[in-house]
Amino acid sequence: MGLKLYNTLSRKKEEFVPLEEGKVGMYCCGPTVYDFAHIGNLRAYIFQDVLRRALLLNQFKLKQVMNITDVGHLTSDADEGEDKLMKALRREGKEPSVEAMMELAEKYTNAFMKDIKSLNIQEPELWCKATEHIPEMIELVKRIEENGYAYKTKVGLIFDTAKFSSYAELGRLRLEEQKAGARVAVDEERKSPSDFALWLTNQPNHLMQWDSPWGRGFPGWHLECSAMSMKYLGEQFDIHCGGIDHVPVHHTNEVAQSEAATGKHPWVKYWLHNEFLVLEKGKMAKSEGGFITLQAVADKGYDTFVYRYLCLGAHYRQQLKFSWDGMEGAKNTFNRLKEKILELKDRESVESETELQEEKTDVYLHQFIEAINDDLNTPRALSVMWSVLRDEEIDAKEKLALMCRFDEILGLGFKEWEREKVKAPQEVLELLDKREEARKNKDWELADKARDKIKKAGYAIDDTPDGARLKKL
Numbered sequence: 013m014g015l016k017l018y019n020t021l022s023r024k025k026e027e028f029v030p031l032e033e034g035k036v037g038m039y040c041c042g043p044t045v046y047d048f049a050h051i052g053n054l055r056a057y058i059f060q061d062v063l064r065r066a067l068l069l070n071q072f073k074l075k076q077v078m079n080i081t082d083v084g085h086l087t088s089d090a091d092e093g094e095d096k097l098m099k100a101l102r103r104e105g106k107e108p109s110v111e112a113m114m115e116l117a118e119k120y121t122n123a124f125m126k127d128i129k130s131l132n133i134q135e136p137e138l139w140c141k142a143t144e145h146i147p148e149m150i151e152l153v154k155r156i157e158e159n160g161y162a163y164k165t166k167v168g169l170i171f172d173t174a175k176f177s178s179y180a181e182l183g184r185l186r187l188e189e190q191k192a193g194a195r196v197a198v199d200e201e202r203k204s205p206s207d208f209a210l211w212l213t214n215q216p217n218h219l220m221q222w223d224s225p226w227g228r229g230f231p232g233w234h235l236e237c238s239a240m241s242m243k244y245l246g247e248q249f250d251i252h253c254g255g256i257d258h259v260p261v262h263h264t265n266e267v268a269q270s271e272a273a274t275g276k277h278p279w280v281k282y283w284l285h286n287e288f289l290v291l292e293k294g295k296m297a298k299s300e301g302g303f304i305t306l307q308a309v310a311d312k313g314y315d316t317f318v319y320r321y322l323c324l325g326a327h328y329r330q331q332l333k334f335s336w337d338g339m340e341g342a343k344n345t346f347n348r349l350k351e352k353i354l355e356l357k358d359r360e361s362v363e364s365e366t367e368l369q370e371e372k373t374d375v376y377l378h379q380f381i382e383a384i385n386d387d388l389n390t391p392r393a394l395s396v397m398w399s400v401l402r403d404e405e406i407d408a409k410e411k412l413a414l415m416c417r418f419d420e421i422l423g424l425g426f427k428e429w430e431r432e433k434v435k436a437p438q439e440v441l442e443l444l445d446k447r448e449e450a451r452k453n454k455d456w457e458l459a460d461k462a463r464d465k466i467k468k469a470g471y472a473i474d475d476t477p478d479g480a481r482l483k484k485l
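Just so we're aligned: 248 in the working numbering is position 236 of the sequence shown, and the numbers increase by one with no gaps anywhere.
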């Protein structure tokens, strides 16, 4: 079975066929670096990582590009409010300056990189910052204007959505139901509530500004993704990813301005969107406050891979309800998985040569790949993984090899897992030796007494094929 992906553009699963055989260009919306990423944001990057790994599994040569928004993202998607980085400066009590904004952006970029490393998210082939691509954005706006899709207002240069006939296609929007002052705030010169800014001017309080043919100003938020993706992937490419909330505004506007500039349709062949991570009160959002960071998860004593496992347990197109009870359940399952993998490593090192059950493992591998190729069905893939772990007819060596193949997609780091070396006091080690000697002599009463004393000292015993091991309670 070849790779099938759910395309937001068609609202159905489609067989994935890239524009150029064997090669894939993929653009993923990256972070706006005005604060720490919350775990809802990070769910999107885990989904994109699984997609990346699935493409590589299917032998595609991949070029993935991800942006970092460090200018132009206003507090409202409707081209109003202030730059989110300006607001962040005030929040942190810093004097407003371009230098301070760039330092802040660097701080949160580094924090984001630390988070994705902690979750074993593979980096794209190319990162690109908005502030480093202003000339490309200006050139793109020139093309849009030359093609007759823009008009000027006191706010700046505005995209005329009425002239772009397929504007509502991606989001399946009902434009006639939009009202001025409702979802989209309009200035008095704007022709339609759906029209959006390409280049904003007359904003004296905005710190980062550049000269342009339309006056000194800065790009509309949607512009950077079009300009940077086309610079590195061409005027048409295969996949664009992002959160489901980007469909009606950000991604819809990206399509409009990109196709208006190039005249090529479709700009992107496959659109993939992940659903929200939700709390009891609704979706997690920085604008609402009270969001949860990955560091907060770690501070509560959770391995960050537990959060990755939690995300893998839900399909990317389903909302994932987050709770600490849910995290506790994921932790218990993850720890059970870890122990199973470590037991396989223990056994594999001492087992004698046995006939490998290649036919059976091939069936399991096929089932796993089939699940992943069915629109990244990670819950089904995890079910296959647990079936393998329960199958007693497969020896440890073959089972471990299969787990490592699965982990090329799951990204949980099976190969790196090792047992912790416990440093126990000398008296505990002596008790362990006495217990082993008693067991050899079949003196079970003495062995049990030694075990009980070891437990009182705060240690448990794991009896493995390699011998007894201590574990801190």
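Quick caveat, the hints were computed from the structure, so don't treat them as lab data. Be a bit skeptical, because a hint or two may be false.
What the hints assert, rightly or not - Subject to a maximum C-alpha distance of 30 angstroms in a straight line, what follows is the list of computed DSSO-like cross-link-like pairs (lysine-lysine):
#1 Lys409 with Lys427
#2 Lys119 with Lys243
#3 Lys446 with Lys427
#4 Lys467 with Lys452
#5 Lys73 with Lys126
#6 Lys427 with Lys454
#7 Lys99 with Lys166
#8 Lys352 with Lys467
#9 Lys468 with Lys452
#10 Lys352 with Lys433
#11 Lys435 with Lys452
#12 Lys276 with Lys73
#13 Lys129 with Lys333
#14 Lys243 with Lys106
#15 Lys154 with Lys276
#16 Lys73 with Lys16
#17 Lys99 with Lys141
#18 Lys75 with Lys166
#19 Lys129 with Lys483
#20 Lys281 with Lys343
#21 Lys126 with Lys106
#22 Lys468 with Lys129
#23 Lys467 with Lys357
#24 Lys243 with Lys350
#25 Lys243 with Lys24
#26 Lys465 with Lys452
#27 Lys129 with Lys75
#28 Lys484 with Lys435
As the list claims (entries may be wrong) - Distance windows between CB atoms, simulated:
#29 Asp374 with Gly246: 52 to 62 angstroms
#30 Glu137 with Glu158: 45 to 55 angstroms
#31 Ala413 with Glu27: 54 to 64 angstroms
#32 Lys24 with Gly246: 24 to 34 angstroms
#33 Gly105 with Gly275: 45 to 55 angstroms
#34 Lys483 with Ser395: 23 to 33 angstroms
#35 Glu27 with Glu432: 42 to 52 angstroms
#36 Lys312 with Trp398: 23 to 33 angstroms
#37 Glu144 with Gly105: 34 to 44 angstroms
#38 Gly479 with Ala413: 30 to 40 angstroms
#39 Gln71 with Trp336: 34 to 44 angstroms
#40 Trp398 with Lys25: 18 to 28 angstroms
Yeah, the Cβ is synthetic: ideal placement off N, Cα and C, and Gly gets one too.
Status of each hint after checking the structure:
| no. | hint | result |
| --- | --- | --- |
| 1 | Lys409 with Lys427 | 13 angstroms, holds |
| 2 | Lys119 with Lys243 | 26 angstroms, holds |
| 3 | Lys446 with Lys427 | 34 angstroms, violated |
| 4 | Lys467 with Lys452 | 20 angstroms, holds |
| 5 | Lys73 with Lys126 | 26 angstroms, holds |
| 6 | Lys427 with Lys454 | 37 angstroms, violated |
| 7 | Lys99 with Lys166 | 23 angstroms, holds |
| 8 | Lys352 with Lys467 | 23 angstroms, holds |
| 9 | Lys468 with Lys452 | 23 angstroms, holds |
| 10 | Lys352 with Lys433 | 17 angstroms, holds |
| 11 | Lys435 with Lys452 | 24 angstroms, holds |
| 12 | Lys276 with Lys73 | 24 angstroms, holds |
| 13 | Lys129 with Lys333 | 24 angstroms, holds |
| 14 | Lys243 with Lys106 | 35 angstroms, violated |
| 15 | Lys154 with Lys276 | 17 angstroms, holds |
| 16 | Lys73 with Lys16 | 17 angstroms, holds |
| 17 | Lys99 with Lys141 | 19 angstroms, holds |
| 18 | Lys75 with Lys166 | 40 angstroms, violated |
| 19 | Lys129 with Lys483 | 28 angstroms, holds |
| 20 | Lys281 with Lys343 | 38 angstroms, violated |
| 21 | Lys126 with Lys106 | 24 angstroms, holds |
| 22 | Lys468 with Lys129 | 39 angstroms, violated |
| 23 | Lys467 with Lys357 | 25 angstroms, holds |
| 24 | Lys243 with Lys350 | 43 angstroms, violated |
| 25 | Lys243 with Lys24 | 29 angstroms, holds |
| 26 | Lys465 with Lys452 | 19 angstroms, holds |
| 27 | Lys129 with Lys75 | 19 angstroms, holds |
| 28 | Lys484 with Lys435 | 9 angstroms, holds |
| 29 | Asp374 with Gly246: 52 to 62 angstroms | 38 angstroms, violated |
| 30 | Glu137 with Glu158: 45 to 55 angstroms | 32 angstroms, violated |
| 31 | Ala413 with Glu27: 54 to 64 angstroms | 30 angstroms, violated |
| 32 | Lys24 with Gly246: 24 to 34 angstroms | 25 angstroms, holds |
| 33 | Gly105 with Gly275: 45 to 55 angstroms | 49 angstroms, holds |
| 34 | Lys483 with Ser395: 23 to 33 angstroms | 29 angstroms, holds |
| 35 | Glu27 with Glu432: 42 to 52 angstroms | 45 angstroms, holds |
| 36 | Lys312 with Trp398: 23 to 33 angstroms | 26 angstroms, holds |
| 37 | Glu144 with Gly105: 34 to 44 angstroms | 28 angstroms, violated |
| 38 | Gly479 with Ala413: 30 to 40 angstroms | 24 angstroms, violated |
| 39 | Gln71 with Trp336: 34 to 44 angstroms | 40 angstroms, holds |
| 40 | Trp398 with Lys25: 18 to 28 angstroms | 25 angstroms, holds |
When each numbered hint is compared with the structure, violations occur for hints 3, 6, 14, 18, 20, 22, 24, 29, 30, 31, 37, 38.
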